[in-house]
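Respectively, the protein sequence lines represent chains A and B.
According to this note's numbering, the residues represented by the first sequence are 90 to 299, in order.
According to this note's numbering, the residues represented by the second sequence are 324 to 545, in order.
It is possible that some hints are incorrect.
[As the list claims (entries may be wrong)] Incomplete in silico selection of chain A near chain B, CB under 7 Å: (1) Pro124; (2) Gly126; (3) Pro137; (4) Leu139; (5) Arg146; (6) Trp149; (7) Lys156; (8) Leu159; (9) Asn162; (10) Lys163; (11) Ile165; (12) Tyr167; (13) Glu177; (14) Phe186; (15) Lys191.
Rather than coming from a laboratory, the hints here were simulated on the basis of the structure.
Note that this is a predicted model, so its numbers are computed, not measured.
All C-beta atoms in this analysis are idealised placements derived from N, C-alpha and C, irrespective of residue type, glycine included.
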Amino acid sequence: MLTCHNLTLKNSIFTVFNNVCFTVLAGGVLVLQGPNGSGKTSLLKMIPGLIKNNIGRITWNNIDINKDILSFNKNISYIGHKNALKPELSVIENLEFWAKFKGEIELLPAAIHYFQLEDILDTKLRFLSSGWQRRVELSKLLLSNTHLWLLDEPETNLDSSTKNILRGLIEAKARDGGIVLIASHNLIGIRNAACVNLLDFKNETLDFIA
Amino acid sequence: MKHWILLLKRELAYFFFKNGYALNILSLFLMLSFLFSLLIPSQETGKAGIVILLVQLLTTTIFAHHVLQDDYKDSTLDQLKISGYGPIFLITAKLFGYWIFNVSVLTTGTFVYLFLYKIPVDQFYLQFIVLLIMSVLSTNISVFSSSLTMKTEQNGFLNLLIATPLSIASLLYAASLLNQTGLDNTEEIWLDLKVLTAFCFIIVPTTVFACSYIISEIQYNS
Chain A
90 MLTCHNLTLK NSIFTVFNNV CFTVLAGGVL VLQGPNGSGK TSLLKMIPGL
140 IKNNIGRITW NNIDINKDIL SFNKNISYIG HKNALKPELS VIENLEFWAK
190 FKGEIELLPA AIHYFQLEDI LDTKLRFLSS GWQRRVELSK LLLSNTHLWL
240 LDEPETNLDS STKNILRGLI EAKARDGGIV LIASHNLIGI RNAACVNLLD
290 FKNETLDFIA
Chain B
324 MKHWILLLKR ELAYFFFKNG YALNILSLFL MLSFLFSLLI PSQETGKAGI
374 VILLVQLLTT TIFAHHVLQD DYKDSTLDQL KISGYGPIFL ITAKLFGYWI
424 FNVSVLTTGT FVYLFLYKIP VDQFYLQFIV LLIMSVLSTN ISVFSSSLTM
474 KTEQNGFLNL LIATPLSIAS LLYAASLLNQ TGLDNTEEIW LDLKVLTAFC
524 FIIVPTTVFA CSYIISEIQY NS
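So that you can see chain B by itself, here it is in the shape it has in the complex (with noise of 0.2 Å):
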């Protein structure tokens, strides 16, 4: 547990210090959320929330391949993978430190355009909630989309056509929820979340596994 809670440091301190990620990632987003929202009117505030989810699949996406290529590069994954811990803890690790960074940022960035959207309190909760279960998803898929993609160049758009496919069930299931308006059926919403949450519990520990394979079977960084 400690060399996993040592890489997952890693992970976060290249992601959030180094190389200006954490910025990039930020203004990508409030970038395309306010491109987005030039399309939306102010009043659909139900709108407002399916373009975070479909600008957080974008930036996550696009992002992704630092999780693994960097290191599949300088040849820093062969030397993890000989280090006497299996791919799943290395990927875990690092599927774990992408998602607080992902959470972190887009959060900051949710704030910024839910306060320009004025959306009222108690669907900005809603919202949030079905964010962070999408972060989980989104994560995950971008990451395997990304260690399919390791060994290419320029990858970016490669992911996003491999990773939005993957994506569009539980992103259309998360749309039609945040479209509800107001909070009135309250039991109704607490099911869907389920639901939401239960894709997780599908993608998760697949793309774990998923990514896991790749990463092991991978050779070859001459």
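So that you can see chain A by itself, here it is in the shape it has in the complex (with noise of 0.2 Å):
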């Protein structure tokens, strides 16, 4: 169970959320949502510490996640705007590598066939298009068995097809007692996934149960 208390990120000019509460159940799935700038990306990377400057507390099944943050983080499987993927390694040894190092290694195969990488598992990542590397990147997700994903415009740049298998897996995730946290512009249809708001929090204080 992740629970935000009074989450408030305030930059230099402006308070960008205040006060956001609210509470993921196993098996949850919420979508963060609301227009750029309101603090989707900022509040996605508060959880595993990458922004620190935040009022309010986080707990993970009721313990504060400051208190050993770095265990906490291994529980977290975290893809970003940005592919951390490197351009000048092939598929098969970028995924090799966080198999290996946060990952099983065990898992490649299944992460491979689930995205259907086959074919381009020793090609080069800059020779792919954008949206061959986002699945790659997102195929990461399947290296680890994570109890949260935390998935910032994951949908970025896939066709209807692998946003299918996404909405699948991430469905998948949540029946299996995951817990699942998307930062995105537009709702990408998952069942059951409960959607807030980010600018519901700018002036007043929201209490949300996923």
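Two independent chains are provided; combine them into the complex using the hints.
Shown next, in the form of structure tokens:
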């Protein structure tokens, strides 16, 4: 169970969001919505501690994550705006590194199969289209058995069939008891997903349970 | 430890086999050595060593931004930071990788350069040891300066501006050591080498902690 208590983000000019409170239970999918600059990415980055200067508290199974952020982060798979992949390395070299570093190498064939990457394994990443690069990045989700997925605009550059693959994957994760937080401009049509608009937290406090 | 070695291997693979970094740094090293050597008469073998020290600092610093900035730009650094390993774990693997890369590439360049200068064997050993110690210092200082400028574009020159003053004390000391002709006074040379090594014991932990702090505090790669 992931809970955010009164998270507030202020930059030097304005308050990005104020008193964000929500709880996501096991098996929950929460889609964070809002226009550009509403703080979706920042909120996602606050959870693993990539942005620290926040007011408020984040708890994981009722334990403050700051007590042991390194252990907490082992529960997380994070997909950011950009693909954390090296264009000079081939698809398989990139995936192998992340499988060995954070995940389990035994899960690599399944990840490759799920995202249908078999034909491009030896291709260097820089020769792939943005959509395929995004597929490779998303396949990293399957390399480890983490409980919490943080996805920042995961559908960027994806065609409709890959969006369906991603949707299926997120739904399967939720069925499996995982928690998925997605920052997105558009709701990508996930079954049983709860939506919250960060603009609602601009001037008032809302409590939200997904 | 297994994951530390994995990260180290990746750094080495990235530096040696991708993007032609090894070839670039070696070419720059030889080119700068040659240009500097035009200013020094070939009899002044002690000064040849000083040229190598200077060029080593220049090349190491100019290429240092690849250690952290590449990972910062494509958000790999974010993912490494949340992989459950602390910043010291990450920075030591990266520093060690860059040091191995520097030593191997620059050693090749040094052999070529010293061969051209026909340095006597006994002086060559001394120069090589000094160069090895200085490579530790220049690697650490250059990575520290590049961590400060990680968010800026085209930061090679800026790195030099930061790294040069930080290296000046050890550089001058090493230069004076290399300027001693012959190896008659072995005891004094050993003492000087020990002092130079002591610089490493101060600089290395300081830069490791400083870089770790910077990468743990650096925020937002949107």
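Here is what the structure says about each hint:
For A:Pro124, the interface hint is violated, the least distance from its beta-carbon to any beta-carbon of chain B being 15 Å, above 7 Å. A cut of 7 Å between beta carbons decides the hint on A:Gly126: the least distance to chain B is about 10 Å, and the hint is violated. This hint holds: A:Pro137 has a C-beta 4 Å from the nearest C-beta of chain B, less than the 7 Å allowed. Against a cut-off of 7 Å between C-beta atoms, the interface hint on A:Leu139 holds, since the closest Cβ of chain B lies about 6 Å away.
Taking 7 Å as the C-beta contact cut-off toward chain B, the hint placing A:Arg146 at the interface is violated, the least distance being around 18 Å. At a threshold of 7 Å, the smallest CB-CB gap from A:Trp149 to chain B is about 13 Å, leaving the interface hint violated. Look at A:Lys156: its Cβ only gets to about 15 Å from chain B, farther than 7 Å, so that hint breaks. For the restraint placing A:Leu159 at the interface with chain B, the shortest Cβ-Cβ distance is roughly 5 Å, inside the 7 Å limit, so the hint holds.
For A:Asn162, the shortest C-beta to C-beta distance to chain B is roughly 4 Å, which falls under 7 Å, so the interface hint holds. Interface hint at A:Lys163: satisfied, since its Cβ lies 4 Å from the closest Cβ of chain B, which is below the 7 Å cut-off. Proximity of A:Ile165 to chain B holds as hinted, the smallest CB-CB distance being about 6 Å (cut-off 7 Å). This hint holds: A:Tyr167 has a C-beta 6 Å from the nearest C-beta of chain B, less than the 7 Å allowed.
For A:Glu177, the shortest C-beta to C-beta distance to chain B is roughly 4 Å, which falls under 7 Å, so the interface hint holds. Among the interface hints, the one on A:Phe186 holds; its C-beta lies about 5 Å from the nearest C-beta in chain B, closer than the 7 Å criterion. Against a cut-off of 7 Å between C-beta atoms, the interface hint on A:Lys191 holds, since the closest Cβ of chain B lies about 5 Å away.
Violated hints for the displayed structure, listed by number in ascending order: 1, 2, 5, 6 and 7.
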